[in-house]
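Peer 1: Got chain A; can you put chain B on it based on the hints?
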Amino acid sequence: MSAYALNKLLREVNRDPGTRERFFKDAAAVAAGYELSDEERRAVLARDVTALYRLGVHGLILRPFTILHQMPEPDYLEAIRR
Amino acid sequence: MAIVFACAGSHAPGIRAWTERAPQQQIDNLFGGYAAVRQGLEGARPDLVLLLTSEHWANFFEHVGAFCVGRGASFEGPIEPWLRVENATVKGNPGFATRLLDHCYGNGFELSFSHEMKFDHGSMVPLSFLTPQMNVSVVPIMFNALSTPRPTSARCLALGRALRPLLDQAPERIAVIATGGLSHDPGERNHGIIDTDFDARFIADMTSADPERLARYSDADLLKAGAGTLELLAWICLAGIMGRQKARLVAYEAVVPWATGMGIVSYDRAA
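So the protein sequences, as listed, match chains A and B. Going by our numbering, the first residue of the first sequence is number 1, and it counts up by one from there. Going by our numbering, the first residue of the second sequence is number 1001, and it counts up by one from there.
FYI, nobody ran anything at the bench for these hints, they're computed from the structure. Take the hints with a grain of salt, since some may be wrong.
[Said to hold, decoys possible] Here are the computed lysine to aspartate or glutamate pairs in the EDC-like style, where the Cα-Cα straight-line distance is at most 16 Å:
(1) B:1224 <-> B:1268
(2) B:1118 <-> A:38
(3) B:1091 <-> B:1047
(4) B:1118 <-> A:39
(5) B:1118 <-> B:1062
(6) B:1118 <-> B:1086
(7) B:1246 <-> B:1210
(8) B:1091 <-> B:1076
(9) A:8 <-> B:1062
Here the structure is a predicted model, which means the values were calculated and not measured.
Bound conformation, chain B alone:
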């Protein structure tokens, strides 16, 4: 069993770039949540992080794939000079990335891959909370949660299920981190409007130990809660990896100044 740790958390840039605009109680709950999860991650002593994260035009543009594996030796980030996360070069793991690709191609998922992926807030924000020394190597799978057509929830769940045997058999100790969501509409007309009913429903499904429930979210269901809500496809993939294991809600806050329903869930028993 090589999955030693698993969690999911939101990455809205405001949590770093304009932290202090949020009410102190919300900041404390979320920073405390990430600190607790970080302790779990450190205790699990992972050799690498499999990061399920989402694109915001840092990498996809001329070419867009549904899922893209970062195969480079390292990743630089953040691309945003205003994020208030220090620039870093995060080590990759091309060997693991290649094994992951081979495994997926043999199991019905022809993922794209990139040798020059850059990290934006979608990767740097969770890493800044969970591996702040940037000393654990990362293999990212970038999800297209942006451009239509997008992968379906069912497909993301199936990708997670397909990944599980690879992770179980890997010699490395692996931390799986999914990031994105929850309800938000970044830069669009409903920026700042948070669908807390949607978020409560999604978190209930995510923590139900019944991943099939997550396969039922249509693109339109997610989009209705804001364009950024599609990033939850990465959480759904994590649920596919973790199967019947139960996730626990660590923290949730609808943070208006960060324009995002911010949630953190973790799996107490990783494997």
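Just chain A, with the same shape it has in the complex:
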């Protein structure tokens, strides 16, 4: 898949409780373990959903990731359709 490392990071946050806990405490430290482009790293740390979607995060990774951030569905859809 495109944006492989980016998807991998977000997927680990979704599925692994330990990674999730570390990510919510210090996202930059967790993201440092993944080979992301500068643009990808910025989008993750800013939780920029529009950018994450455009960079190629899969919907079934991005929507669960944003649910963990309590992002309401209309806001999510507005962000990915932007």
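Peer 2: Frame of chain A, contents of chain B only:
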């Protein structure tokens, strides 16, 4: 005849995670449908569930196979802390999983297998409705309905046909549950748009007792109704298992707040 029960049903997480956003009539129809099917399953006293379910990146990522058999002694789920389905450890059946693999390898299907499969909503939602005590052991076959290239409908139908003799000869009483679909585009731009015409067509074919009709759905046909619609590959496999036996529509609702065409079908005469 060791298939004692068979059904298919949708597993969109909203049915558990945000149930109350749907109109009450739709909730009642679907919960009532699952309750009726559960009664059938319990009456059939299965020893194990063969669960035909679909991946959402809980297991496949670094490695992706077309079909993957869960060979572990147990499965933990759900991985989603927000699903509102209680965490559970569901027992597997490594002996049956191994027999299934041996049978498939001898019949032209080299399935992959996993010793550490985790369950997400795709397995935990149907189990929460059909075996809510989580006391029936489960052998899952995880379908790659996500990543291209994906298995074809014809191949899934053929897998079902190949499985049938194994299930007929198994000493266990087996409940076959397929799960996924129908029209939905989860997390993507058409999230919330449900192609009800597609769903009506698919359900008509699924309940026609003519499984060949299901082999005609191309990847593009399914994808057009939303990326999640590919999960119907598991239903098509079930149709291959059940052959000319007729399935019956139990319930269908296009539930916009759950962003999914939600359907349940069951086979009155399992074997």
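Peer 1: Check the structure against each numbered hint from earlier and tell me which ones fail, lowest number first.
Peer 2: 1, 2 and 4
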